[in-house]
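**Q** The sequence shown begins at 678 in the numbering used here and counts up by one.
Simulated from the structure, these hints should not be mistaken for lab results. Where a beta carbon is used, it is the ideal one built from N, C-alpha and C, also for glycine. Treat the hints with care, as some may be off.
Said to hold, decoys possible - In silico DMTMM-like pairs for lysine to aspartate or glutamate, Cα to Cα no more than 25 Å straight-line:
{"#": "1", "residue 1": "K736", "residue 2": "E785"}
{"#": "2", "residue 1": "K829", "residue 2": "E687"}
{"#": "3", "residue 1": "K680", "residue 2": "D880"}
{"#": "4", "residue 1": "K680", "residue 2": "E894"}
{"#": "5", "residue 1": "K736", "residue 2": "E687"}
{"#": "6", "residue 1": "K736", "residue 2": "E694"}
{"#": "7", "residue 1": "K829", "residue 2": "D880"}
{"#": "8", "residue 1": "K829", "residue 2": "E771"}
{"#": "9", "residue 1": "K887", "residue 2": "E772"}
{"#": "10", "residue 1": "K695", "residue 2": "E846"}
{"#": "11", "residue 1": "K829", "residue 2": "E875"}
{"#": "12", "residue 1": "K887", "residue 2": "E785"}
{"#": "13", "residue 1": "K736", "residue 2": "E891"}
{"#": "14", "residue 1": "K887", "residue 2": "E687"}
{"#": "15", "residue 1": "K736", "residue 2": "E772"}
{"#": "16", "residue 1": "K829", "residue 2": "D726"}
{"#": "17", "residue 1": "K829", "residue 2": "D704"}
{"#": "18", "residue 1": "K887", "residue 2": "E771"}
{"#": "19", "residue 1": "K680", "residue 2": "D799"}
{"#": "20", "residue 1": "K736", "residue 2": "D726"}
{"#": "21", "residue 1": "K829", "residue 2": "D794"}
{"#": "22", "residue 1": "K887", "residue 2": "E764"}
{"#": "23", "residue 1": "K736", "residue 2": "E872"}
{"#": "24", "residue 1": "K887", "residue 2": "D774"}
{"#": "25", "residue 1": "K887", "residue 2": "E761"}
{"#": "26", "residue 1": "K736", "residue 2": "D774"}
{"#": "27", "residue 1": "K829", "residue 2": "D853"}
To be verified - What follows is a set of in silico ranges between Cβ atoms, one per label pair, in the way DEER data are often shown:
{"#": "28", "residue 1": "E891", "residue 2": "S816", "range": "44 to 52 Å"}
{"#": "29", "residue 1": "A762", "residue 2": "D853", "range": "33 to 41 Å"}
{"#": "30", "residue 1": "D799", "residue 2": "D760", "range": "38 to 46 Å"}
{"#": "31", "residue 1": "A850", "residue 2": "R779", "range": "29 to 37 Å"}
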Amino acid sequence: MSKPFADRYEAGRVLAEKLSNYAGRSDVVVLGLPRGGVPVAFEIARALDAPLDVFLVRKLGVPGHQELAMGAIASGGAVVLNDEAIEALGITLEEIDEAIERERRELERRERIYRRDRAAVDVAGKIVIVADDGLATGSTMRAAVAALRTQKPAAIVVAAPTAALETCEAMGAVADECVCAITPTPFRAVGLWYENFEQTTDDEACALLKRAAEAAEGPA
């Protein structure tokens, strides 16, 4: 029986052990999905001695039904569309463009909050480890992987401390590798596998990204 993690930091350290074959390599970068994935990614990046950055994904909601996704937009401006949903719902190009523009503005606003004046880590030709605090349906992570592919990384490794078994297996077909520390059955929800699952704040995520950037720069 799997035991819940104390918090996201412990989860990140446990997950980092399962990614130890990527330690000390100059071609590895670690990305965290905000906000809960950032503490996990921070511990992975620290253990592997790899650069850390944030990777944002925003859902493109169906007009009038924002909870339904017709696609996603991600860091770097990559857009992933669900053509089947768009065709089935009769969504127009104008509606798609409006949704993209609205979410692009929000994406840029949130990137300014998280990254401040730091440039995004270049992932072209790199092994990219993308971390979140857990995978239930995996829809956000799928969008992140699809968007990252447009930036031509050498490989994409999805990493999560806890996941539904079927989601972890399915993600392995989407990414080049999927590493899940525990896949409890029944899974039910990500939060059940943490003793402390308080929401990660923007301030906490920003502080972690700043610490990682300063550590990478070394002494002035």
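**Q** Does the alpha-carbon distance linking K829 and E875 stay inside the 25 Å limit?
**A** violated, 35 Å
**Q** Starting from K829, check that the Cα of D794 is at most 25 Å away, please.
**A** Holds - the C-alpha atoms of D794 and K829 are around 24 Å apart, at most 25 Å.
**Q** Quick one, are K695 and E846 close enough, alpha carbons at most 25 Å?
**A** Measuring from Cα to Cα gives roughly 16 Å; hence the hint holds.
**Q** Taking 25 Å as the top limit, are the C-alpha atoms of K887 and E771 close enough?
**A** Measuring from Cα to Cα gives roughly 39 Å; hence the hint is violated.
**Q** Check the hint pairing K829 with E687 against an upper bound of 25 Å on the C-alpha distance.
**A** violated, 31 Å
**Q** Against the 25 Å threshold, does the CA-CA distance of K887 and E687 hold or violate the hint?
**A** Since the Cα atoms of K887 and E687 sit roughly 20 Å apart, the hinted pair holds (cutoff 25 Å).
**Q** Is it true that A850 and R779 lie within 29 to 37 Å of each other by Cβ?
**A** holds, 32 Å
**Q** Checking one constraint from the list: CA of K887 to CA of E761, max 25 Å. Satisfied?
**A** Not satisfied, since the Cα-Cα distance of roughly 40 Å exceeds 25 Å.
**Q** Are the Cα atoms of K829 and E771 separated by 25 Å or less?
**A** Violated - the C-alpha atoms of E771 and K829 are around 29 Å apart, more than 25 Å.
**Q** Verify the proposed pairing of K736 with E694, using a straight-line Cα cut of 25 Å.
**A** violated, 32 Å
**Q** Is K887 within 25 Å of E764, Cα to Cα?
**A** violated, 43 Å
**Q** Would you mind confirming whether the straight-line C-alpha gap from K736 to E772 stays at or under 25 Å?
**A** holds, 14 Å
Taken one by one, the earlier hints fail for this structure at numbers 2, 3, 4, 5, 6, 7, 8, 9, 11, 13, 18, 19, 20, 22, 23, 24, 25, 28, 29, 30, listed in ascending order.
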